[in-house]
Amino acid sequence: MVSGFLSKPFRFFISMSKEHKGEWYIIVAGALILFVIIFSSVFAGIIAPYGPVTDVASPYIKEHNLDLRAATPLPPNETFIMGTNDLGFDVFSRILFGSRTVLLVSIAASIFSALMGIPIGLLSGFYGGKVDRTLSLLMDSIYSFPGLILAIALAAMLGPGVTNISVAIAVIYVPTYFRIVRGQVLSVKEELYVEAARSIGAGPMTIMTKYVFPNVIASVVVIFSLNVADAILTEAGLSFLGLGLPPDLPDWGIDLAKGKKFVPSGYWWIITFPGLMIMLVALSFTMIGEGLNEVLNPRLKEK
Amino acid sequence: MRALLSYILTRILLTIPMIFILLTLVFFIIRVMPGDPVKSMLGAHAPKETMDEVRHQLGLDKPIIDFSTNNQFVDYMSAFFHGDLGQSLWYRVPVTEKIAQYFPATLELSFFALLFAVVFGVATGAFAAHKRKSAADYSIRLFGITSYSIPVFWLGLMLQMIFGVAFDWFPIAGRIGARVSPQVITGLYVVDGIITLNFEQVASALWHLVLPSTALGLILCGIFIRLTRANMLGVLKQDYVLAANARGIPKRRVVYKHALKNAFVPILTMMGLEFAYLMSGAVLTETTFSWPGMGSFLVESVNYRDFPALQGTIIFIALLVMGISLLVDILYAIIDPRVRY
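In order, the protein sequences belong to chains P and W. So for the first sequence, my numbering puts the first residue at 283; every next one is plus one. So for the second sequence, my numbering puts the first residue at 106; every next one is plus one.
Be aware that one or more of the hints could be misleading.
[What the hints assert, rightly or not] Partial pick of chain W residues on the chain P-facing surface, computed with a CB cut under 8 Å: (1) Pro139; (2) Val143; (3) Met146; (4) Leu147; (5) Phe258; (6) Ser385.
Hints are computed from structural coordinates only; laboratory data are not their basis. Quick reminder that beta carbons are idealized off the backbone N, C-alpha and C, glycines included.
Construct the entire structure; sequences and hints are all you get.
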């Protein structure tokens with residue numbers, strides 16, 4: 283069954299790859315950036331020259347007889363390619379370890395949203411009526427909330443922690459999946475082949491899983507990857523505001539929040555690199571999502 | 106006309122249950138927050154009797170919700186419909202008063218950010234459509250995609266570092282210079298300065314607005330670039346554009362005068378939809394630039410466990426977003442008769 287509903291979109295991707303050369307470059311570029319980041323986050327323990335919470339600046343200052351206080355932030359040099367922060371930690375090593383937190387939280391949150399939003403959207407679109415109206419109203423209410431503000435409230439309610447922050451972020455994206463899936467179901471439901479399936483006696487479960495769901499996958503893939511990009515920014519935003527994650531965790535948003543006070547003193551490397559990384563990861567997911575969207579959504583196709 | 110009125114009425118009626126759901130949602134989210142607000146208000150060492158008394162005064166000793174009419178949920182709802190968002194536990198003043206104090210700062214920032222985003226976004230988007238498939242078009246599109254992925258607070262920090270510290274052109278914190286004592290009428294310093302003819306105030310306020318509204322505006326403009334470009338490409342294929350071209354009207358005039366006007370309606374809708382995003386962005390921008398607005402107040406309320414303030418701020422922002430989207434839908438229905446159903 284798995285190969286049954288996966289092979290169709292797969293073949294579709296292949297056939298589309300010829301006429302969408304430009305889009306495929308974007309997708310591949312995004313995937314390459316992402317691959318490098320995931321690889322270095324998985325092997326952070328091997329790649330990182332130092333630990334994320336080791337004071338490496340103080341020994342360096344002592345060894346080179348520099349006339350500096352212990353743990354003074356050192357600008358990028360050949361030993362510390364991205365410099366060190368105010369606690370003497372190596373910025374590059376912290377960035378490598380920090381990628382784990384960001385990827386974990388944003389991907390977990392998006393998976394959770396998808397697992398909630400897709401089935402609800404399927405049910406709502408398929409059965410219609412009162413169930414649909416109630417669910418739509420609830421989802422529209424959540425959707426109309428400014429995302430970050432709802433996440434702030436949820437994060438404050440749940441308290442700090444990786445799981446809690448993932449849940450807080452997940453909640454705000456459930457309506458996105460719901461709306462897309464519901465809309466697709468509504469249009470697919472009227473198709474002739476669904477009518478045909480119904481007439482040969484297929485039950486609602488069969489129709490939903492075998493006829494309706496495969497048509498929704500393509501949109502879900504697009505939404506998922508755009509969703510992860512958004513979740514990355516929300517996670518970083520929450521950490522920047524000091525909500526959500528325990529402060530000792532290596533995390534880009536937390537590092538930016540701590541680095542904020544160094545703007546006037548000109549220690550640019552403490553804040554530049556973590557932010558660049560947030561942008562790069564979010565961008566790689568956006569590129570994949572946008573590229574796939576152009577490929578899969580013929581409505582936007584230009585002559 | 107009948108159809109339009111019934112559309113507007115339906116749209117307003119649909120908003121009512123949404124407000125109710127929203128209020129309920131906020132109520133329960135805030136109630137299950139860990140930490141005792143009374144304890145954080147009085148300090149952990151306050152005598153138990155005092156705490157109980159304060160708790161009683163605030164009505165926090167009542168059940169959260171039950172089948173009677175004397176519980177916190179009923180109190181909360183009835184207070185809301187009387188325009189009362191409760192007392193701030195930290196400042197000991199009505200939350201509405203604090204919101205009235207902080208909101209103009211957010212409004213001013215949001216206005217200039219949106220202005221920047223729309224002007225910059227529409228101009229570059231139209232230009233990209235005009236010069237389709239040129240290097241300029243590709244760079245503008247690339248920027249459009251990238252702008253989604255830039256964390257606004259980081260962009261703010263970078264602007265502070267470059268234009269605030271290294272070049273020392275613009276201030277990096279606050280709304281107004283220390284030597285200017287602003288006269289407050291509306292709370293919008295630029296407007297107040299113009300009303301009272303205090304041009305020093307206007308200049309200082311605008312000066313302080315440059316970096317934060319550029320940061321927020323650059324993040325928001327991506328959507329306007331894309332939307333304008335896509336709409337313009339659609340419009341440029343229309344027959345009347347062909348007709349205008351055939352009549353020998355210069356291409357620049359056709360693109361920027363005839364086509365842009367018709368591509369503008371969806372941009373109006375997008376401004377409404379972007380409002381929620383704008384508010385989220387404002388919270389982060391305000392924190393970055395120590396901007397005394399709703400975002401700063403919100404974060405402060407979370408840190409002080411000031412739950413009436415937190416609750417009030419969230420409700421206010423959510424209602425504002427709903428109100429704007431209602432307004433935009435109605436405007437859209439008036440402009441475009443196809444929307445009515």
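Against the structure, the hints:
1. Pro139: 5 Å, holds
2. Val143: Result: violated, 17 Å to nearest chain P Cβ.
3. Met146: Violated, about 16 Å.
4. Leu147: Where the cut-off is 8 Å and the nearest Cβ of chain P is about 20 Å from W/Leu147, the hint is violated.
5. Phe258: 5 Å, holds
6. Ser385: 4 Å, holds
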